[in-house]
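Starting from the known structure of chain A, fit chain B onto it as the hints suggest.
The chain contents come next:
Protein chains: 2
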Amino acid sequence: MEKIVSLCKRRGFIYQSSEIYGGINGFWDYGPLGAELKRNVKELWWNDMIRQRDDVVGLEATIIMSPQIWKASGHVDTFADMMRECPVTKKRVRADQVEPQSGTVYVFIGVLSDPEDGKLYHHDTPETDLGRRVLEDYVKGERPKNLVALDVIKLALFARERLKPFNEQRSPEDLAALANNLALKIAEEVNRTVIKILVPNGKPFESAQKKAIEYAEAVYRQKNSWPVGWESYPVSSSQDFHPESGFELGIARPFNLMFKTYVGPVESEDNVAYLRPETAQAIFAQFKNVLETSRQKVPFGIAQVGKAFRNEVTPRNFTFRSREFEQMELEFFIKPDEVVEAINGNVSSVSQLSTLNPQPNWGWEAWHKYWVEERIAFYEGIGLPRTTLEEYWQKPEELAHYAKACVDILFKFPFGTQELEGIAARSDFDLSQHERFSGKPMGVFDEELRAAWTKLEEARKGELSKCYYEARLKYLTKMGVEPAKAEKEAKDDASGLAKGQYIPHVIEPSAGVDRLILALICNAYSEATETDDKGKTETRVILKFHPRVAPIKAAVLPLLKNKPELVKKAQEVRDLLRPWMNVFYDDGGSIGRRYARQDEAGTSFCVTIDFDTLGEKPELKDTVTIRYRDDGKQERLAIGELLNWLLPKIR
Amino acid sequence: MEKIVSLCKRRGFIYQSSEIYGGINGFWDYGPLGAELKRNVKELWWNDMIRQRDDVVGLEATIIMSPQIWKASGHVDTFADMMRECPVTKKRVRADQVEPQSGTVYVFIGVLSDPEDGKLYHHDTPETDLGRRVLEDYVKGERPKNLVALDVIKLALFARERLKPFNEQRSPEDLAALANNLALKIAEEVNRTVIKILVPNGKPFESAQKKAIEYAEAVYRQKNSWPVGWESYPVSSSQDFHPESGFELGIARPFNLMFKTYVGPVESEDNVAYLRPETAQAIFAQFKNVLETSRQKVPFGIAQVGKAFRNEVTPRNFTFRSREFEQMELEFFIKPDEVVEAINGNVSSVSQLSTLNPQPNWGWEAWHKYWVEERIAFYEGIGLPRTTLEEYWQKPEELAHYAKACVDILFKFPFGTQELEGIAARSDFDLSQHERFSGKPMGVFDEELRAAWTKLEEARKGELSKCYYEARLKYLTKMGVEPAKAEKEAKDDASGLAKGQYIPHVIEPSAGVDRLILALICNAYSEATETDDKGKTETRVILKFHPRVAPIKAAVLPLLKNKPELVKKAQEVRDLLRPWMNVFYDDGGSIGRRYARQDEAGTSFCVTIDFDTLGEKPELKDTVTIRYRDDGKQERLAIGELLNWLLPKIR
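Protein chains in written order, with the numbering used here: chain A, 10 to 660; chain B, 10 to 660.
Pulled out of the complex, with its shape left as it was, chain A reads as follows (with noise of 0.2 Å):
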């Protein structure tokens, strides 16, 4: 990884973000080349899925939407990491990546008042009686509240006494660390009130001590304080503690990665907004004005590509998961299985799928066993061969709730086999979350159900009533409708069969255009290493991408720059190329240095104008010499036929 991140940026296919002020982390630019290769496979993506097709149209969606959208699908609510907190510095981790710590722990009670809050219990009650009162509250069931230091200790020295005539034949140390350890207990319940920190081994009592009147100035917000030291003991790699403040880490909470801002000039809650951390909610948002102006109808998708953002805690390996990031996305939408089969009398088997031409008789099965094999397929055109790629079906326990199956379409990269996409069958979740939220119907009239319907036998009718029936009310009941309007939307829904009426389920092929990008670079990269005739070994790099998808199609070379004619000829060719391709011209530098140039780009042909091709053997006049970039083989080739030579090998 490291020689692929040091290429690209020294080649200019990928920098870091604002490097001139010590970059941003998680933040990836694309310099001239990245930039003509993303360009390139985004091109070919748009053009695969839509403009190829009937089915599919386009869609180019704001990055800032109605946050009610990130509320129907989920995002406000379960979009988070799990993290926990420093008290103190406010710095938080990921609960599953804490660095272990190992140390002595010290354990303060608190400090002598809290300022905040009535107090429930005072540390001038007679210590008999706070005693006494915390702990009748507490076996009540009730939690005390607002303990200090002293009402700790007060307690302690009570549950003693208290707990004598019953432990008798217990030591008075014994009987003492019982009641210290009741007393803690309690205490830890009232939260805030007892400070754990982690000192490493060596460090003494005294910077525990100060800690904990920097947590006591901290969090109470209490000056002059006084922390009551209570215990401490030795831990070996504990994950409760921050790395750096080494303060206990509060309980772990989830922490949205969508990144908040607010739109308009008042930062007030109504005002807040997020930038989408996926492409695909703004489809669903769209479906219906998308169906009702592009004469489109079921089955039919929408695909979009554009800038996604999420707020990862810890952006990792290179740019295939960083904050910033594109995506390709469609949204396949098809009839559900009950509508296929009240149609067609049947729905497709998918294990006797004889052809992968779509067919009416399609349920969600076969159109998604039909999208992972068109994506592969896509893969494979862009030049990752099958065997660097990897299907992984999710298993039933890893599927989302609302989710019929989800095929991860992996990658071999340098630092593991990682995700490129997810090709999952979403069911009707989507347009029925959107519908629920938006108040506005998100289902289609479909004329052909509506005549095929009235055909039916009784009892079919029956039969995928009821099936399609318990399929809405199990997801309203998830969603926590209550059972009897779940009872009655869902009959409602059924009963809308009838009418030809339905919400279309959802196959959702779903890219990382910068992971593809970075699975790119690393299947391209290769070495070779080549003695010169003065017998010096040099390694150097050469970027075998597809044609389709590298950043410079042809290189135009004349042999010599101060060659009038030469170069004249040579940007003629330049010029007759350069209308239906990227072209690179250059004429600095030895041929052989500039051939090692264009290999470490992946240009994939060089063409070289030389004297031949302006006549010094005649029978080659109006020739160029053609270098391929993967084995430096050559050949020669009339400037007449070189467009359609090298057109078929690029698009």
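Any given hint could be a false lead.
Copies of the same chain look alike in the list, so a pair counts if it fits in one copy or across any two.
Said to hold, decoys possible - Using 25 Å as the maximum straight-line C-alpha spacing, the simulated SDA-like pairs for lysine to any residue come out as follows:
id	residue 1	residue 2
1	212	244
2	51	587
3	494	478
4	483	452
5	306	587
Simulated from the structure, these hints should not be mistaken for laboratory data.
Structure of chain B alone, referenced to chain A:
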């Protein structure tokens, strides 16, 4: 405009973002036709600016970058609208766009006590004593603090006595008014103490009083307050009150237009980041990386297309001024005039430019002129006739302080003639700012300059150095660098010339994609009124897009849907064209209706497959009808010629 907005929605060019949730102000989505149109425009720009040239390369940087970039660019400090805020609702309005209000203004002199801050004056002080102290302070130029209502009354009473000996000729009422005004004036300077509320005519004093209580509760957090009425007067067309709440607006303050967010898990000042308000700055920040990795040398350009965000207070004119938009920007780096002169012995005079082919002796004026012409040619090439455009050369007093010239290219929109693109000569301002803020050198080394410099006469060296020195000194001084330091730095910069070093200047053609799309739609919009056989008159829309930008290049239409031979042939034609252009296949409805639908979508050509295509007239076998969108004219063409006939028209 209404017709255009409605057409855009109806035909799937542009929808309101998040429409099912009531939309989000200032955000617009592109539907299937809009997305294709936009892609075409961006692709044509990229081709024209980058791929068709040797001297411009592309970049694709992130939207979120280091906030340091926006400090260097000046956006953090100065990219702001002046806004005035309602003190109670906190709603802001643009200072220059407050809707004028009329009615009665009620003035309250605050409430009876103020819980915040320490009190300097106290309403239990005897009135004469307090009044005297306040007035004494005021005369001394000190501002009283925290006057509450009773204080003001006491001050007024004292002032009346104090003024009496000097105003014996005045009536008691007149004297009272004078004293009241003085007290009020002092109270007003104390800010917060005087509440002014505009109440529409016809509403009673009580409604003002109720609002004054609301104010006291919201601003002073004072419950059970008693606002003291002081005076009232009528106003008309005042812009000093919030149009909704009626409260007097605060003073105008700058409101930054950048969307703010936080990167990483902690929402602290350290982690603030902005959504870029323009794409240009990324180009400057990556200038050195690109220079070092792309085999370019000055003059050369870096171009970028991408989203930018501005939290506009009042988005308007459909997609013209929205909060999320896309830019196409080029930064073309050139040699400073002193360098051009050192190398070439002269700088080309722009008035005598005989060619628009770049020459080595071009200075900034020639390059600026060149890019203005290039950009206008681009607009003409995608179908905006020169008559729809205007050039606006900014006057010297309108220019940004660092700019040497700026030309706006305007389009005649239905809502006014407005800017499509600005082409600015920005000197070396941007690179210099990033050099100062990042501490990284942003200059270039130019071997040609170094070599030329040694051959210059001493006097010439002196002149050019002085000129360069003065420009650098002017920049550094304007940026607030202290004189001694500025002089030293400017001297260093000037002596760099001899070593072949300088900071490039830049010409910046900066275009808005969305406003260009809107211009293209407005320009293409036309109506045709036709009378059918039955005498029925119908007006229909034709979008006369240039074929290069048209979302659909060709519609392929079999004459009849239910003739398999026609359908098969039509699909063959579709598949022949599809790899080369966006094709729409349509077999639904009468051929006339299908033509009309395509006219409304702006499809350049309709290709009809009829019985003659199948050989009904043998001489017409394998020919199709081409129908022109703009005039409905038709001609016959062999299928074999179709592609070569279409390609030059759409590219």
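Query - Intra/inter-copy verdict for residue 212 and residue 244 if alpha-carbon distance must be at most 25 Å - result: within (14 Å within a copy, 72 Å between copies)
**Report entry** 25 Å Cα threshold - placement of residue 452 relative to residue 483
**Finding:** within (18 Å within a copy, 66 Å between copies)
Report task. At 25 Å max between alpha carbons, let me know whether residue 51 reaches residue 587 within a copy, between copies, both or neither. Result -> Cα proximity of residue 51 and residue 587: in one copy and across copies (20 Å, 18 Å).
**Report entry** Homo-oligomer pair classification [residue 478, residue 494; C-alpha up to 25 Å]
**Finding:** within (13 Å within a copy, 79 Å between copies)
Query raised in the report: When no copy is named, should residue 306 and residue 587 be tagged within, between, both, or neither for a Cα gap of at most 25 Å?
Result: So residue 306 and residue 587 pass the 25 Å test across copies only (21 Å; inside, 40 Å).
When the structure is compared with the earlier hints, no violation turns up for any of them.
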